[in-house]
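Student: Read off the chains here:
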Amino acid sequence: MHETLQTQVIRNPHPQADSQLRRRWVKLRRNKAALFGGVLILIYLITALLAPILFPGNPSAPNLMKSLERPSIEHPLGTDELGRSILGRIIYGSRVSLLISIGVVFVGLLVGVPLGLISGYYGGKVDFGIQRVTDTLLAFPGFLLALALVAVLGVGLKNTIISVGISMVPIYIRLVRGCTLSVREQTYVEAARAMGTRDVTILIRHILPNVMAPITIQTSLGMGTAILFAAGLGFLGLGVQPPTPEWGTMLGSGRAYLFNAPHVATFPGIAIFFAVLGFNLSGDGLRDILDPRSKL
Amino acid sequence: MLQYVIKRLLSTIPVLLGISLLLFFMLRMLPGDPAQVLAGQMASQEDIKNIRQQLGLDKPIFVQYGIFLSRLAKLDLGRSARTQSPVIKEIWARLPNTVLLAVTAITLACLFGIPAGIISAVRPYTWIDYLFTSMALFGISMPVFWLGLMLIVVFSLVLHWLPAGGIGSWKHVILPSFTLAAFVVAFITRITRASMIETLSQDYTTTARSKGLKEQVVIVKHALKNALIPIVTVVGLQFGLLLGGAVLTETVFAWPGLGRLIVDSILARDYPVIQGTILIFGLLYILVNLVVDLLYAYIDPRIRYA
Amino acid sequence: MRQDSLLTIKNLRTCFHTYEGVLTAVDGIGLEIYRGETLGVVGESGCGKSVTALSILRLLASPPAEIQGEILFDGKNLLNMSLDEIRKIRGNSISMIFQEPMTSLNPVLTIGEQISEAIKLHQGVTHQEAWAEAVEMLQMVQIPSPEIRAKEYPHKLSGGMRQRAMIAMALSCHPRLLLADEPTTALDVTIQAQIVDLMERLKEEIKTSVLLITHNLGLIAEMAKRVVVMYTGKVVEEALVEDLFAEPLHPYTQGLLGSIPWMGRKMKAGRKQLQEIPGMVPSLLEMPEGCRFHPRCPRMMDICRKEEPPLVQKDGRRVLCWLWK
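Protein chains in written order, with the numbering used here: chain A, 1 to 296; chain B, 1 to 306; chain C, 1 to 325.
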């Protein structure tokens, strides 16, 4: 024990005590990044809540006299092809995007976590069945899966949430199953089982808390991905339909005017970027705090 | 080795069956009469009846699935509702374009991502490390389609250096493959950095240095070769992401590939083509993962295939 | 016994800059290795013995490590050399064997490749010649069917075989100094004996000096002629092996010797015979004032708490203790 510790001290260019300190320092530094991510999310949240105050008026009402105007004092980010303020639509778009990301993660968790728990806890045939379905779904890149689901379900806000949500289910199943498998054999779980505790109680009281950390990390990262996927669908015209202000849809319609009014496509993209960045930064930060063994 | 390849190929069968089931039920789940859907809006009653017979929709469901499978095995994916040409032909015409785009993009991503990850790992917590890790984070957070549009604005609209879209010369490949690469490079940089930091602190790296080897040799021959396994895994996984990204990138650059085909088909509700394209995407992904598994054996002598 | 000195370490200080302060792992030590001899360095974990070896070849990443002092090899200061110059020494005139044969060999390169790359580098021979020499080295360390083994990867070899391969690698360029850092610690007892025999034999054959780092006093007794005892980064005692075992001067050395069971020693008081040193090695960040051993020392005096002890020369031995002043 001592000897191995010592070799670590030496071979690892930073000695043991040092590396611990270094880790803590890195954590702190990255937490700054996570903090920045949290602030970004908070800004979007406040924007979404205060949208009617920040932008009085209807963001979807066309004003053809003012179509495709460059940024000005009246319209700080310019207007789109129907003369609507892009700033106003981005502000209201934060409501749509946050709604989507929450909805998507909700669908993913609701379906994925129970299936993962069952698959990992019971094993056997149930596990085999669930895993084959998961394998199949994972054979498709997530975005394609969402696309295929949209092809079946059709476009619109609700179907976007369901499609993207289901495309994330296999990720949650894998994650939760893996954690459950490792916890299942722990002594305290065995003890609970020996005492005749009901499976549901064991799953909820003993196993779920141990799976919380990876789920939390995945959820933060998943919300970013949800926004990206939904925006991608919107861009293709297969997501939220106009006149609802969704960033990806805005970008998609702005694409037609790329050559004479590039600002129409530019600003919604920046809005997407910072929202996803916020979720990714806080996801990375959470990983540092909750999962010290992680390499990335 | 051959034995392993066969074993590995056999193991894809359940997944393939799963995909076929998925496609089959997708067809079932469509609202309305599948024959009507397949025939398209303009079809006559006669056409629908023909399709119904053609597809065996009048037979029991498991017989239908059998017929569906036997057709799949013959690569008979039906005919496009839009163009009436066989789906497999439509796919064959687009497949090379998507493969070209994907391979160029993944090559570019590796050419940038692996060196960036190495430099970050060799000089951790320096400005260059921060630069590369921030770039990686930006790459992961950026919507590809937006990046594509911005590149068009800069390189086509303002600078007039490169075409904004379409296909033809090598110039047409540059913007789409860069867009797609930016999407993937971030993941490659991150995993390279992480696994290089790990291998650089291993005992064998110290051994290599103690032999008097140059630092470049230590990094490339001793550390990188060990770090390659996670890197290759991620590159393989990213290939899937890349196919997803191809759908968007191809739309941005009007690139006539499979991604564009599937989007057009969804918009036109051309279900046979959607089905066929999804199947091909699944196959491509499985194939890439197979290649990755075989690469492992080449990289890591500890992995024994028997 | 005045002999030719091969390596002279003067006032070596190796410290690590960390976010909570400076850790001094080696604190102003001095020692000398003569041509053809084996010098043992003994001490507990964290006493700085491995850092000393890594400092000699400058294998510590800098930053965070900082090495000061002088390490004269053949009269030239290794610490002043350029990186290119030190690389010409590494693996060539000074080479190293590590503790963990399982992790010290690169898993993705063949044994032959790992041995021959050093030969190729330092002797400027072709790949084939280097390979042939590598096979010869494997033969020398008594690895059966060396031609076949050379083409194999480390995971196919047992721990003992790997350590033999490590030794072959270290000796492949006929170094004048071999730094052996716990070369047998990770091995089974029977294998340990074989490796010790092998090292003894090869040392004579190649006429190399050895710096043997270990916490195992038995190994020191078997292989070394002189021994240096280290505690918390300092040399606390230096003596010929026979003298040290016959009459340890420093209370720490006495404790070390008292804490190992000796065959044939009379068990007068039963269990009491085997003593342990009370307390723990202090953290490098919180060194006690005065003598660093005083909190654990059974013969502690007032002065030990206040002032650092001097290095006392006594009958050709050195000891860092107030007792002998």
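Think of the hints as simulated: they come from the structure by calculation, not from any bench. Each hint should be verified, as a subset may be incorrect.
As the list claims (entries may be wrong) - Computed spacing ranges between beta-carbons, pair by pair:
id, chain 1, residue 1, chain 2, residue 2, range
1, B, 297, C, 148, 56 to 62 Å
2, B, 74, C, 159, 52 to 58 Å
3, A, 102, B, 225, 26 to 32 Å
4, A, 102, C, 295, 36 to 42 Å
5, C, 159, B, 100, 46 to 52 Å
6, A, 156, B, 157, 30 to 36 Å
7, A, 190, C, 307, 47 to 53 Å
8, A, 187, C, 127, 52 to 58 Å
Positions of the beta carbon are idealized from the N, C-alpha and C atoms, including for glycine.
Student: Each hint: holds or not?
Tutor: Against the structure, the hints:
1. B/297 x C/148: 56 to 62 Å: violated (21 Å)
2. B/74 x C/159: 52 to 58 Å: holds (57 Å)
3. A/102 x B/225: 26 to 32 Å: violated (44 Å)
4. A/102 x C/295: 36 to 42 Å: Given about 59 Å between the Cβ atoms, the range is violated.
5. C/159 x B/100: 46 to 52 Å: Holds, since residue 159 of chain C and residue 100 of chain B (Cβ atoms, about 50 Å apart) stay within the stated range.
6. A/156 x B/157: 30 to 36 Å: holds (33 Å)
7. A/190 x C/307: 47 to 53 Å: violated (59 Å)
8. A/187 x C/127: 52 to 58 Å: holds (55 Å)
The structure fails hints 1, 3, 4, 7 (numbered hints given earlier, in ascending order).
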